[in-house]
Amino acid sequence: LTKTTQPISMDSYEGQEVNITCSHNNIATNDYITWYQQFPSQGPRFIIQGYKTKVTNEVASLFIPADRKSSTLSLPRVSLSDTAVYYCLVATDWGNTDKLIFGTGTRLQVFP
Amino acid sequence: EAGVVQSPRYKIIEKKQPVAFWCNPISGHNTLYWYRQNLGQGPELLIRYENEEAVDDSQLPKDRFSAERLKGVDSTLKIQPAELGDSAVYLCASSSRKIAGGNTGELFFGEGSRLTVL
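As they're listed, the protein sequences go chains X and E.
1 is the number of the first residue of the first sequence in my numbering; add one for each residue after it.
113 is the number of the first residue of the second sequence in my numbering; add one for each residue after it.
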């Protein structure tokens, strides 16, 4: 069972870059790291997924060091609409039981 | 393309009453998940289906919770009888294949069904 650890909350201001780091010390060789975003009264929404090094899409970047024991979600120039909870997941596969484990997430508050 | 559809969005019931939630996944998605999310917490997996087969229900409280996905498409989650502690948001998600190990992909979530048990 791969457990992830993230900061409970973070504050930022509009226009700043936000980096949220997640620890996953027991990540397995084949596991991918995925980040989701959740707004109030909505289900989580996929942001980005990666295995190693750096992945970038139109929304965010994901940095994964060589040992893969942590990952950092980077949100460039945040706006008020980026206020949400961000979850780091590691897809864990053991036996015939697969789980996508959501932690408590990081609550990001963006101020004007 | 329609996303994952859930109903009802909100439900308020008295304790000991039954309640059911319905989910229609994205067309063609064989894998369906039911999650429960308590206030301030991340979603917790209750059950996962591959087509019509429940392949992981280890976290489903089977004394009062049941689920079905008879034709491998839409699904129903039932609670009978409901308890005060069941108040939560029940989320349904679907994916085109199993997400684990070396399989990449994403979960598509519905907006959830918020249950309040009085």
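Bear in mind the hints are in silico, worked out from the structure with no lab data behind them.
You may find that some hints are simply not true.
[Stated by the list, open to error] Derived DEER-like restraints, expressed as beta-carbon distance ranges: (1) E:Leu196 / X:Asp11: 28 to 36 angstroms; (2) X:Pro7 / E:Gly184: 21 to 29 angstroms; (3) X:Pro7 / E:Ala114: 34 to 42 angstroms; (4) X:Ser23 / E:Gly152: 17 to 25 angstroms; (5) E:Glu126 / X:Asn25: 40 to 48 angstroms; (6) X:Val59 / E:Tyr122: 24 to 32 angstroms; (7) E:Asp175 / X:Thr53: 43 to 51 angstroms.
[Said to hold, decoys possible] Pulled from the structure, derived: some chain E residues nowhere near chain X, Cβ distances all over 12 angstroms: (8) Lys127; (9) Gly184; (10) Ile191; (11) Leu196; (12) Leu230.
Yeah, the Cβ is synthetic: ideal placement off N, Cα and C, and Gly gets one too.
(request) Given the hint of 17 to 25 angstroms, check if X:Ser23 and E:Gly152 actually sit that far apart at their C-beta atoms. (result) 21 angstroms Cβ-Cβ, so the 17 to 25 angstroms window holds.
(request) Check the non-interface label on E:Gly184: least C-beta distance to chain X beyond 12 angstroms or not. (result) The assertion about E:Gly184 holds, with a minimum of 18 angstroms to chain X.
(request) Starting from the hint 40 to 48 angstroms, judge whether the C-beta atoms of E:Glu126 and X:Asn25 obey it. (result) With a Cβ separation near 45 angstroms, E:Glu126 and X:Asn25 satisfy 40 to 48 angstroms, so the hint holds.
(request) Would you check whether the claim that E:Leu196 is not at the interface survives, using Cβ distances to chain X and the 12 angstroms cut-off? (result) The claim holds: E:Leu196 sits with its nearest Cβ about 22 angstroms from chain X, beyond 12 angstroms.
(request) Take the C-beta atom of E:Asp175 and the C-beta atom of X:Thr53, compute their distance, and say whether it sits inside 43 to 51 angstroms. (result) Given a distance of about 47 angstroms, which is inside 43 to 51 angstroms, the answer is holds.
(message) Would the non-interface assignment of E:Leu230 survive a Cβ cutoff of 12 angstroms against chain X?
(response) E:Leu230 is indeed farther than 12 angstroms from all Cβ atoms of chain X, at 20 angstroms.
(message) Assuming the hint says 24 to 32 angstroms, is it satisfied by the Cβ distance from X:Val59 to E:Tyr122 or not?
(response) Distance hint for X:Val59, E:Tyr122 holds at roughly 30 angstroms.
(request) With 34 to 42 angstroms as the target window, see if X:Pro7 and E:Ala114 comply at their CB atoms. (result) 35 angstroms, holds
(request) Please confirm whether E:Lys127 is truly not at the interface, meaning its C-beta sits more than 12 angstroms away from all C-beta atoms of chain X. (result) Non-interface label on E:Lys127 holds, nearest chain X Cβ at 24 angstroms vs cutoff 12 angstroms.
(message) Please check whether the beta-carbon of E:Ile191 is more than 12 angstroms away from every beta-carbon in chain X.
(response) The claim holds: E:Ile191 sits with its nearest Cβ about 19 angstroms from chain X, beyond 12 angstroms.
(request) Could you see if the CB distance from E:Leu196 to X:Asp11 stays within 28 to 36 angstroms? (result) 34 angstroms, holds
(request) Look at the Cβ atoms of X:Pro7 and E:Gly184 and judge whether their distance stays inside 21 to 29 angstroms. (result) 40 angstroms, violated
In summary, the one numbered hint that this structure violates is 2.
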